[in-house]
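Enquirer: Assemble the whole structure, with the sequences as input and the hints as a guide.
Number of protein chains: 2
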Amino acid sequence: MRWTQTLLTTLREAPAEAEIASHQLLLRAGLARKLTSGLYTFLPLGLRALRKVEKIVREEMDRAGGLEILMPALQPPELWEKSGRITAAADVLFQVKDHQDRRWILGPTHEEVVTALVAGEVQSYRQLPRTLYQIQTKYRDEIRPRFGLMRAREFIMKDAYSFDADEESAKKSYEAMTQAYRKIFERVGLAALQVEADTGVMGGASSHEFCVVAVIGEGEVVTEEGGSYAAAIEKAVGRPVERKGGEGKLEKFPTPGIRTIVDLEKKHGVVAQDQIKTLVFTNGKETALVLVRGDDEVQEVKVGKVLGAGYRVAAEAEIKVAMGASPGSLGAVASTLEGKKVTVVADLGLKGQKGMATGANDNGFHFKGVEVERDLKIDQWADVRKVRDGDISAGGKKLKVSRGIEVGHAFLLGTKYSEALEAKFLDPEGKQQPAVMGCYGIGVTRTLQAVIEVHQDKDGIRWPASVAPYTVMLVTLDLADPAVKAATEAVIASLDKAGIDYLWDDRDERPGVKFKDADLLGFPWRVTIGAKSVAKGGVEVKCRRAGGMEMIPPADVGVWVQNKLAV
Amino acid sequence: MRWTQTLLTTLREAPAEAEIASHQLLLRAGLARKLTSGLYTFLPLGLRALRKVEKIVREEMDRAGGLEILMPALQPPELWEKSGRITAAADVLFQVKDHQDRRWILGPTHEEVVTALVAGEVQSYRQLPRTLYQIQTKYRDEIRPRFGLMRAREFIMKDAYSFDADEESAKKSYEAMTQAYRKIFERVGLAALQVEADTGVMGGASSHEFCVVAVIGEGEVVTEEGGSYAAAIEKAVGRPVERKGGEGKLEKFPTPGIRTIVDLEKKHGVVAQDQIKTLVFTNGKETALVLVRGDDEVQEVKVGKVLGAGYRVAAEAEIKVAMGASPGSLGAVASTLEGKKVTVVADLGLKGQKGMATGANDNGFHFKGVEVERDLKIDQWADVRKVRDGDISAGGKKLKVSRGIEVGHAFLLGTKYSEALEAKFLDPEGKQQPAVMGCYGIGVTRTLQAVIEVHQDKDGIRWPASVAPYTVMLVTLDLADPAVKAATEAVIASLDKAGIDYLWDDRDERPGVKFKDADLLGFPWRVTIGAKSVAKGGVEVKCRRAGGMEMIPPADVGVWVQNKLAV
Chain A
1 MRWTQTLLTT LREAPAEAEI ASHQLLLRAG LARKLTSGLY TFLPLGLRAL
51 RKVEKIVREE MDRAGGLEIL MPALQPPELW EKSGRITAAA DVLFQVKDHQ
101 DRRWILGPTH EEVVTALVAG EVQSYRQLPR TLYQIQTKYR DEIRPRFGLM
151 RAREFIMKDA YSFDADEESA KKSYEAMTQA YRKIFERVGL AALQVEADTG
201 VMGGASSHEF CVVAVIGEGE VVTEEGGSYA AAIEKAVGRP VERKGGEGKL
251 EKFPTPGIRT IVDLEKKHGV VAQDQIKTLV FTNGKETALV LVRGDDEVQE
301 VKVGKVLGAG YRVAAEAEIK VAMGASPGSL GAVASTLEGK KVTVVADLGL
351 KGQKGMATGA NDNGFHFKGV EVERDLKIDQ WADVRKVRDG DISAGGKKLK
401 VSRGIEVGHA FLLGTKYSEA LEAKFLDPEG KQQPAVMGCY GIGVTRTLQA
451 VIEVHQDKDG IRWPASVAPY TVMLVTLDLA DPAVKAATEA VIASLDKAGI
501 DYLWDDRDER PGVKFKDADL LGFPWRVTIG AKSVAKGGVE VKCRRAGGME
551 MIPPADVGVW VQNKLAV
Chain B
1 MRWTQTLLTT LREAPAEAEI ASHQLLLRAG LARKLTSGLY TFLPLGLRAL
51 RKVEKIVREE MDRAGGLEIL MPALQPPELW EKSGRITAAA DVLFQVKDHQ
101 DRRWILGPTH EEVVTALVAG EVQSYRQLPR TLYQIQTKYR DEIRPRFGLM
151 RAREFIMKDA YSFDADEESA KKSYEAMTQA YRKIFERVGL AALQVEADTG
201 VMGGASSHEF CVVAVIGEGE VVTEEGGSYA AAIEKAVGRP VERKGGEGKL
251 EKFPTPGIRT IVDLEKKHGV VAQDQIKTLV FTNGKETALV LVRGDDEVQE
301 VKVGKVLGAG YRVAAEAEIK VAMGASPGSL GAVASTLEGK KVTVVADLGL
351 KGQKGMATGA NDNGFHFKGV EVERDLKIDQ WADVRKVRDG DISAGGKKLK
401 VSRGIEVGHA FLLGTKYSEA LEAKFLDPEG KQQPAVMGCY GIGVTRTLQA
451 VIEVHQDKDG IRWPASVAPY TVMLVTLDLA DPAVKAATEA VIASLDKAGI
501 DYLWDDRDER PGVKFKDADL LGFPWRVTIG AKSVAKGGVE VKCRRAGGME
551 MIPPADVGVW VQNKLAV
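Each protein sequence line maps, in turn, to chains A and B.
Sequential numbering of the first sequence, starting at 1, is according to the numbering used here.
Sequential numbering of the second sequence, starting at 1, is according to the numbering used here.
Among the hints, a few may not be true.
Identical copies carry no separate label here, and so any pair may be met within one copy or between two of them.
[Said to hold, decoys possible] The calculated DSSO-like cross-link candidates involving lysine-lysine, where the alpha carbons are at most 30 Å apart (straight line), are:
{"no.": "1", "residue 1": "Lys416", "residue 2": "Lys458"}
{"no.": "2", "residue 1": "Lys424", "residue 2": "Lys516"}
{"no.": "3", "residue 1": "Lys431", "residue 2": "Lys34"}
{"no.": "4", "residue 1": "Lys458", "residue 2": "Lys398"}
{"no.": "5", "residue 1": "Lys34", "residue 2": "Lys424"}
{"no.": "6", "residue 1": "Lys424", "residue 2": "Lys514"}
{"no.": "7", "residue 1": "Lys485", "residue 2": "Lys172"}
{"no.": "8", "residue 1": "Lys416", "residue 2": "Lys536"}
{"no.": "9", "residue 1": "Lys305", "residue 2": "Lys397"}
{"no.": "10", "residue 1": "Lys416", "residue 2": "Lys34"}
{"no.": "11", "residue 1": "Lys514", "residue 2": "Lys431"}
{"no.": "12", "residue 1": "Lys82", "residue 2": "Lys34"}
{"no.": "13", "residue 1": "Lys183", "residue 2": "Lys55"}
For the record, the hints were derived by calculation from the structure and aren't laboratory data.
Just so you know, these numbers come straight off a predicted model, no measurement behind them.
Expert: Okay, here's the thing in structure tokens:
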């Protein structure tokens, strides 16, 4: 393709709203353009890269036995009522109303539709297992779309759904899909971590996220130094660094004006790790106290798992009614909870701790010398703290918390959807059974941008060859020179013959402009054809990632690149 | 692909709602399934055929210099306000409301979005011409979706948009696109007529439709027997068969109770072609009479072109107020229109006609002996009649009216959108000019179904090889027989080697069931591997379209099919 015949304008500066490098480069390199917040048009170059990502996804899905289908984006809300997600996922659903006042949902995902499909198509265990997938445009009503394709209103997903006759078989399908995911991310040039994850609104028995570590990531992942443990922060388990606390007598002491952990440390010298942090949750009817060490944070997703759905952090007024005291003076010392209807959940990190301080449920008073098991009313022990950098793993290794971009997600769903939407089959004994399901998503457009985020430097993108819009940027200088023209034709012929795709910068521009743009666009190899080098019988080939420059005879360029790609 | 590993269930009977053959076959052959009215899921086989159509479309678009992009389906209504289509196209627009009460449009087409894009990307005549295209899911709020993929709420379109510096260049881009269209339809196996068409709500200077003649078509096309003239019915021009009418005196006569052309013929012996049909149109303020011969129909689209936008057939009450008489007694005899503010448009077919009858604008009275030019008040002559089967073309040939499926449409748009959305460029003199545009659509999913509609018989589909889900149906009988197994493996190896795709019917079913399904699915070749023929050293190859049966050695099947495909 000739530059002067495609639609490609590079920008010196990215619009101010593009806060992160990959978003800036997406715009600066002419890959995409914003239509309006959260909606992007793929220009020819961006679409080429996107199609290469899609092709890799499709190849690995097919290899893993996936069957490609294509479901409508418009969905009848009745299906979402059956699964119960019409309310659970209401926040992100775009609702459509037609001229006959019927409502439709613009699908953010397709568990309901695919399960209803399979309910109609699969009657017997002989038709199982099956994994169906599609690569399709999805919609999410994002209140604050940001970071370009990272969090958009409209985006491309690969979503897959496995249907099995039993749990064991479902686990095999799950493993086949996650293996395909590992391969896909490797092929597109992403070192994605497969981490244990929370199942969230999707439901199901277990789940993994695929995360690319990047400072701009919207999630957090926990990894073990020198070990294999990896989990999303919502799910991660760690042991805090040990504290030392001595024996002592439970003693109430006045703490006027103290409202926070920091206050108590500053004014009374009780360091945060010697305090107990007490949070109040409510479901509107019942009240629960959640206790963690003072230097820890409560992980609300974990609390949700322990207390059940519907619990939230209580408002100050609710706290006063339930506890008779204000935040800052709360605690779970047994004597102070008498007559109060509260359930107390204590973090495992508090087990065996002594010599701690906690609120007295009496404004302006705390206890010191608290021995957790001796003094507190504890109804349930659970892991409810948020893992911190430096925590210790179950295997005794150090844990590290990093920010990550979630590029994929897998859920072992069980029978939640197949029961609700009656995807049942006859087992060998002739009994009706619900199919055991899994679902698997890759954010295809997000993956594309994650590739750019990871592979860039101050000059521009550094595409992995597998998904670069073109493999070669052909830069012709001295366009009017007949020898240069002949050399360019020879290079083009050799690239065509080798099946290497290229963009030919045939613009009438200065070398500096062309080189700057070649670095910005960042295709794996730049081939420069100028009078000087041609006179010496060669053209300059430069690798965008490794740097370095080689002189290659024009007619050999295709094979040379082909050999490099094969490495 | 093995039948037992894909998702494929054939149906003996199609659901009752599937009224036409292609819709029935779509469902019976397991190509697609209905989610709900107007929304279909493509199953693996249907998606394969769809992708083959898309690939052909893409190849021909690229060959014609098109640049593929991908625009969002969600569009901001502000763009549609600028073009004025927010009201003009309101009927078919799905409107979306988000949680922040902002409105969005689900795009049925992308003139607005692409023009806004080009406004930002193209600054100079040096960047023109450009033709941008996409293959994308579109949405139309169809009140009555029907015929499966033919008229669906959600469907796949290839839409292209050309931008040129001047009219002459725009015509070249238009010609390149329509040529690509002809090639596309030919390659997918459709004898599509390129017919002159009305520009409708799209606007612009000229337009062509691509129509596939089929009795179930929703439109009508007019073709010349033994000539090249072809036009959509809305645009077609023809001359009615001559009538003979004698000279005579204008004479009013009583016609009590006469309300229709048929009435007057039956009760007074005035045949339809000797009558003048008078229709009243109004734009709410002004009134116009439209006259055609009694045996002709008024073509409303043509009337709209003559009278301008906003005119419609008047209601009975409006007619009485304007004309002082009821439908059935209306006419344009000059003396009866005195004092009435009406414009009269007469069809060209009435020119020179004598001895006709028409209403007297006096209930229960008509005139006979009408000589059109002598007696009527005519403000404008125009072609406003609907062409009828048997009319005569400008070249003196017989015209034929057929029903047709519209699979493609091209519009030379001019500067309507580029002016409204400011897609302007600097010409060589440094003056700002609006780009001259064209737009071009192919209904990709509709095209797929049109292929089925045209290529089928009582037993099932008869796919053209270019878009068949698979090229070969491999039917293995006697699965347990070791010689059959070996022959099957040899056939598979030869097909793989030749790059021929196939579906292997490895089901444990009776031969009759397999043959019936093979005919229903209708891939170009069926290869049957059974103990009898294998014993004779061959397998049976049957062509679905041409019939006939050949015995081929198993290892030669791949090359044999390859050779047939190359013909």
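Enquirer: Work down the list of hints and note, for each, if the structure agrees.
Expert: Results of checking the hints against the structure:
1. Lys416 with Lys458: neither (48 Å within a copy, 43 Å between copies)
2. Lys424 with Lys516: between (60 Å within a copy, 28 Å between copies)
3. Lys431 with Lys34: Classified as between; 28 Å across copies, 54 Å inside a copy.
4. Lys458 with Lys398: neither (33 Å within a copy, 71 Å between copies)
5. Lys34 with Lys424: between (44 Å within a copy, 19 Å between copies)
6. Lys424 with Lys514: between (61 Å within a copy, 26 Å between copies)
7. Lys485 with Lys172: between (57 Å within a copy, 29 Å between copies)
8. Lys416 with Lys536: Close neither inside one copy (70 Å) nor across copies (55 Å); limit 30 Å.
9. Lys305 with Lys397: within (26 Å within a copy, 80 Å between copies)
10. Lys416 with Lys34: between (38 Å within a copy, 23 Å between copies)
11. Lys514 with Lys431: Only across copies: Lys514 and Lys431 sit 28 Å apart there, 69 Å inside one copy, limit 30 Å.
12. Lys82 with Lys34: between (36 Å within a copy, 18 Å between copies)
13. Lys183 with Lys55: Answer is both: 13 Å inside a copy and 26 Å across each meet the 30 Å cutoff.
Against the hints set out earlier in the document, violations occur for numbers 1, 4, 8.
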